[in-house]
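Chain order of the listed sequences is H and Y. Sequential numbering from 0 applies to the first sequence in numbering that gives the first Met the number 0. Sequential numbering from 0 applies to the second sequence in numbering that gives the first Met the number 0.
A few of these clues could be false.
Which copy? The list can't say, so a pair holds if one copy fits it or any two copies do.
Computed cross-link-like contacts, DSS-like style, restricted to lysine-lysine with a CA-CA straight-line distance of at most 25 angstroms [what the hints assert, rightly or not]:
#1 717 to 612
#2 293 to 718
#3 612 to 718
#4 294 to 718
#5 292 to 443
FYI, nobody ran anything at the bench for these hints, they're computed from the structure.
Protein chains: 2
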Amino acid sequence: MSLRPGAGRLARLATAGLLLAAPVLARGEDGYELWLRYRPIADARRLAAVRGAFAQVVVEGDSATLRAARAELVRGLSGLVDREVAGSAAVGRDGAVLAGTPKGSKTIAGLGLGDALARAGGEGFVVRSLAVGGRRATVIAANTDVGVLYGAFRLLRHLQTGGDPAAIEIADAPKVKLRILNHWDNLNRTVERGYAGFSLWDWQKLPDYLDPRTTDYARANASVGINGTVLTNVNANATSLTAEWLGKAAALASVFRPYGIRVFLTARFSAPIEIGGLKTADPLDPQVAAWWKKKTDEIYSVIPDFGGFLVKANSEGQPGPQDYGRTHAEGANVLADALAPHGGVVMWRAFVYSHETPSDRAKQAYDEFHPLDGAFRPNVLVQVKNGAIDFQPREPFHPLFGAMPRTPLMMEFQITQEYLGFATHLVHLGPLFEETLRADTRSKGEGSLVAKVVEGSLDGHALSGMAGVANVGTDRNWCGSVFAQSNWYALGRFAWDPMARSEEVAGEWARMTFGTDPAVVAPVTRMMAGSREAAVDYMTPLGLHHQMAEGHHYGPGPWVDTAARADWNSTYYHRADANGIGFDRSPAGSNAVAQYAPPVAEVFGDARRVPEKLLLWFHHVPWDHRMASGRTLWDDLALHYQAGVDAVRRMEADWRSVDGLVDRERHAQVSAFLAIQEKEARWWRDACLLYFQTFSKRPLPAGVEPPERDLAYYVAIKKRYVPGN
Amino acid sequence: MSLRPGAGRLARLATAGLLLAAPVLARGEDGYELWLRYRPIADARRLAAVRGAFAQVVVEGDSATLRAARAELVRGLSGLVDREVAGSAAVGRDGAVLAGTPKGSKTIAGLGLGDALARAGGEGFVVRSLAVGGRRATVIAANTDVGVLYGAFRLLRHLQTGGDPAAIEIADAPKVKLRILNHWDNLNRTVERGYAGFSLWDWQKLPDYLDPRTTDYARANASVGINGTVLTNVNANATSLTAEWLGKAAALASVFRPYGIRVFLTARFSAPIEIGGLKTADPLDPQVAAWWKKKTDEIYSVIPDFGGFLVKANSEGQPGPQDYGRTHAEGANVLADALAPHGGVVMWRAFVYSHETPSDRAKQAYDEFHPLDGAFRPNVLVQVKNGAIDFQPREPFHPLFGAMPRTPLMMEFQITQEYLGFATHLVHLGPLFEETLRADTRSKGEGSLVAKVVEGSLDGHALSGMAGVANVGTDRNWCGSVFAQSNWYALGRFAWDPMARSEEVAGEWARMTFGTDPAVVAPVTRMMAGSREAAVDYMTPLGLHHQMAEGHHYGPGPWVDTAARADWNSTYYHRADANGIGFDRSPAGSNAVAQYAPPVAEVFGDARRVPEKLLLWFHHVPWDHRMASGRTLWDDLALHYQAGVDAVRRMEADWRSVDGLVDRERHAQVSAFLAIQEKEARWWRDACLLYFQTFSKRPLPAGVEPPERDLAYYVAIKKRYVPGN
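Let the hints inform the model, and build the full structure from the sequences given.
What follows is the structure, given as C-alpha cells:
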C-alpha cells in the first residue's frame, strides 16, 4: 500500500490537495532503490543537455554481463532524462552511448584507446566523450565485459551527481583485487549482528526459486565495484558445504555472475569430521588434506568461479588447527592447496583470542600472526580487522598492518553497526575508513599508509583485498535505515580505492540518494561528516573502548564486570579507579605499543604525544591530567559526552531543514531514528558519567547537562530480545 | 530496483521495446498491495460510468477512523478511475460518495435509513445509491465510525470486482463478534510456523518507531473485517507482559485503533512467578488472582481498548492450572475475572494433550473440556481447532462443536500452511473453511451447523469468535506467496460470515488481486477451488493424517516412528499393516466417534457409510476393501496420490494460460512455486506409496506413474534449517 502509482496521478492527487500540501517529491520512497534511483533531472537546462548527449544506447558484443550493462544504461538514462532512451545496434545519431570491449566491438577497437585501456587492466574502464563515425558519442570501453559494466555504472553516477554530460573523461581501475561483503548469515536466516531483518538468502526455496531481490543486490554491489560475497557466517556451519547446500549457493552464484561477483563460503575447520566422517581435522593428516581437496573440487564442479574460503579458526570457540597443535598457517595452507588449482583463495581471519584471558587482548592477534609471516601459501590472505579489539567507534590501526610484509593482509571493516547503535543511530563510516586507511604504519618509512598495505603496493603483493561485514537484510530499505546504506556504498568505494576521500564519497552518495539540490546535499553531507565523531563522543571518547552492554552491545555498560572472561568486561578496558582512567599499553604497562613501528610506538607510548582521541586507549591517565584545552581530563571527558549529544541535536536540526525537500517516507523514518539516537546519546552520557564519577569524585563541569536519572536506574536497564545477538 | 517509475514512462519504455515485448501490464508488481490494488478500470464504458458516479468524497464527522475511511475512498476511487477524486466538505454535485453516521452527520440522519441502520448493529453498514439534496450520490451509512470504514471498503470491493456503480444496495453486518488473527510471533521476531520472513513487529524499535507497514497491515485487516490481533505466540513469553513490552504493544495498538482493530496478548500462565515474583501461579491463590488483576489494570492503563488474553495452558509443555490440580475452567476464570471490569475476554485454547500418551489423541480435547461446559465465566471463549488433531489437510469437524452448548466456542483455523507445503504450495483454504463450517453437528437436530455454533446462534451466545493463525511476515508480499494472501482474505470473509461461499470469496479475491478479465478470473478461481483437494490427494488422501516429516512438517514422513511421544509418530496415525490401513475410531476401536452426536457418530462409525474422504480417519480398512469406484482401497489410494500430482499439473497449465495477462513479477514467482509444488507432489506420492506398499504388497495400478527413486532414497532425505520450526 504505500502506493506507487504513476507519478502523473500522484501529481494530480497532490495538486488536488488530497495527499498533502507538500510537493509531489515529498511523497514516499521506501529506500529500496538505494543510490540507483535515476530520478528525472530537475533543472530544465541540464535535462535538455543530458537528453541531447544520451539519446541512444549501443552495446556491442553479447554476454550476460553486457546485457546487464545495457539494461542498466537504458534504465538509468531513461530515468534521468524522463523519456525512453532506445537501445540500438549501431551508433546512428548524435548522442549515443557506445559500450564494449576491443575484442567484442570493432568500433571500440578502432577508437585508438589502446593506451588508456592498457592502464585499465582487467576491471577498469575508460568513459570518454568522443566522435564515433562523425557522431557525438560517449564511449565506455574496457578490456573485459565486467569493466564495461563498471564503466556503465560510473557514467550513470557521473550524471546522477551532476557531472558535465558533454566533456567526459574518466579512466579508472580498482586498486584492490578482492572487494568483498562478509555476510554473517546463518542457515536459519537469522543474521549475527544483523539489524536489517532476515538474511537475503532464502535457503529453503533455493535452488528452485531465485528472488528478484538477489539480482538487485548484485546490481547494487556492482555499482560500487564489490566483486565478491561470502554468503555464510564466519561462525560457520559445516552443513553449508554439503552437496544440497552447495546447490543452493550455486543458484545464487548464477545470479551474481553476470555482475562480476564471485561467491565465497566460510569453511568450518572441523567439517572433515562433521560432514566428512573423518576422525580428525588435523591439517597435516593426509586424509584431511584429501577430503578438502575433494570437497573443493566438488564445489568448483557446481560453482566454476567459486572465490574461496573465509575462515575463523581457534577464536571464540571455533575449531581450528591449534586443536591439533598446528599453526594458523598450517591450517590455512591445507585449504589453500585445495583451492590453488582452481584459482581460489583463503581469507584467514586474524581475529583470534585464546582460551586463556590475556594480559592485554589488543596484543593477541599480533603475537599469534606476526611470527607466521612468510609461512602462508601465496593464495592466502590474512584478514585483519581495522583495529586490535573489535570494531569499536574508534581504534588505532591494527598493529599487524605493516608488520607482515611477506603476507597479503586484507582489511576487515564492519559495516553493520554492532557497536554503533544498530540501525537507528546515524553513523556514517566513511571517516572511520579514511582515518584507518590513511594511518601511517611507518613500517617502511613515512608514507607507509595502511592503504598501501591493503593495496599490496607497499610490499609488492598482487593479491589484495578489503571486506566489509555486511549490513544488508530483508528490510525493505536493505540496511535498516537509509543512512546505513551509505556505509555499504562507502565500503565499496574505499575497497575500489583505499585512498578515496570520505567527503567526496559522502557527497556522491547524498546526491544519488536524495538528489542534487544543494539545500539537501549540504546538510546531509554535514550530518554524515560529523556523525561518527558524534558516536565516539557519546559512547567512548578519548580512546575509551568496549563500554557497551554485554553480549548484544546495545547501549552503555561501563559497569560490566561479571562476564565469563575478564576481557569481555568493560572494566577490563577502562580500568577506572580513584587515580584515573584508561588502559596502560605504554612500555610501563602492557607495552602493546611495541607492536607498532618505532616511530609510531614512540608517539602512542607517550601520554604527552599520543593524539588525545587515543589517549585512554594507550594510557592510564589521572583525572586531573591537563588536556590541550587547558581543562582536566575529567572535565574534557564529560564535555565530550555532552558534545556527542549536542552533535546529534545538530543532525536533527540539519534534517529538519530538508523537510519537504526529500520524500516524506524516508524523511519520517530518519526523523524517528534521530529522535531515538538523541535519547540514547543522553542515555550513554548519563550512564557513563555517573558511573565514572563514582571513581573521579568530581562534579560535572559547566556545559554538561545534569543526568536525568541516577546510576542505579541505568545499571538496572536490561535489554531483552535484542536483534543480532 | 524493481523500479516503480511513473506508469507513463513505463508505457513508453515498453513501447520502445526496451523492457519486454509484453504489454505494460506484464511489468512487475511485487504483491505488497494485496487485494487493495485499485488499478484503473480497463473497460472504457465502465470507467466512464464509475467516473460519473464517483467524482467526490464527502465524509461528514471527524475521527481517526473516519479520516481512515476518507483516505481509503480517495485512494481507492482515484486509483480505479485513474484521476483524482476530490474530498469535499459537502455534496456539491452529482456523483458524490457521502459517508458518515447519523450521529456525526445531519445529512445522513435525514436520509431515512433508520430501519436499515437498526439492522446494521455496531459494525454493520448500509451502502446505497440515493439522491442527496437532489444530487445523485452513493451513501455509506453506519451507526459507528468503524461501520463507516467497513462500508467504505465494501464499496471499493464492489467496484473492484465489477459491481454496478449506479444502483448499489448493500447492507451487511458481521455474524461473529471477534474476528481475529493469531500471530505465533516470538519476541526475537522469529515466527513459529511462519513462512513469510520475520515478524512484522519490530520490537527493538518500538515504541519509538512505527513502521508504516503496520498501518497497511491494519488496512488489509479492516478491509475484510478482522477486528483483533493477538500479537504474541501461544507458546508464550512472560516478558511480553512487562511494562516495557506493554509500551511496545500499546504503540502498535495506537496504529491499529483507527481501523477498528484491538490488540490481544498471550498470557503465560506462570507469569505471576516469572515476572511477578510470586512462588505460585495457582489460580485459586488470592495473591495470584490479585497479581493478574493488577497486571490487567496496568495493561488497560496503557491500552484502554485491550481485547484480552489468549492462553495455551497444559499443552505441549506450557504451564497451566493442572500444574496445581486445578481445571482449565479455574485457570481461565482467574484471568476472566481480572478482565471483566474492562470488557476484556479470555480465549482459552482447547488444543491440549497431557503428558501421558493417549490411546487416541483425537479424543483428548473433548475428554478434558466437555465436562467443563458451564464452568467458565461469561467472558471466556474456548478456542477450538477445526479438527481434533492439528490443522491437517483434511479433518472431520472437531467433536467439541455442538458438545458445549453453555460455552461460546471460537473457531481456530490455521492460515499459515504448517502442514500444507509452507509458502510454495498453492493451497487455497476457502474450501476447507466452508467444509468445516457447513458440517452438521446434529447436536440440536439437522442444521446444527458448525457455523451456527461459531456464530453463537445455535446456543444463543452473544459472544462469538473466529481466529486464524496468521501467515503474514516481513516478506514483501506479506504471506510468502501471492496465493497465500487469499487465505488471509478468506479467513476475514468467513469470520465475518461463516456461511460465506468459498467460490464467491475466491472470485472476489481473484478479481481484486489480478483484475476482472474473465480470461484470468476463470483459471485463477479454478486453481483455487481445486488446490486444497489436490494437497489432500498428494499428501493424505482418504482420511489419512499427520504423515508429515517430524518436527518441521515439511514433506512426507509416513515412516516416522521414533519420535519422543507415540502420538508424534506417523505410524501412530496410519496404522498400516499387512491387513490394511487407517485408525480405527469406530466403537470397535477407540470409539472416538462416540464424541459426536448420535446421527453423526452412526455415519462416521460405519465404514460403509462414512464419506470415503474420511474413511481412514475412522476405520482400519483392508487393502482389498471395495471402494465406491469399484476398485480396491489400495488402488484408489494410489490413484488419489496420482490425482494430486495431476491436479498440480492442471494448475500449472491454468497458470500458463494467464501468462501476459497478469504482471510478470507475480507470474514468475507463482510459476516457480508451482514447479516446486509439482516436484514435491511427486515426492509425496512416491514416498508414501513406496512406504505403504511395504505393507500392501500390491502393485501400483495402471495410471499411477512409477516411482522415480526407491524408498531408501526418500527416507534418507533430511531437511535442515526449515523455516518456522
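(message) Hints numbered earlier in the text: which of these fail when held up against the supplied structure?
(response) 1, 3, 5
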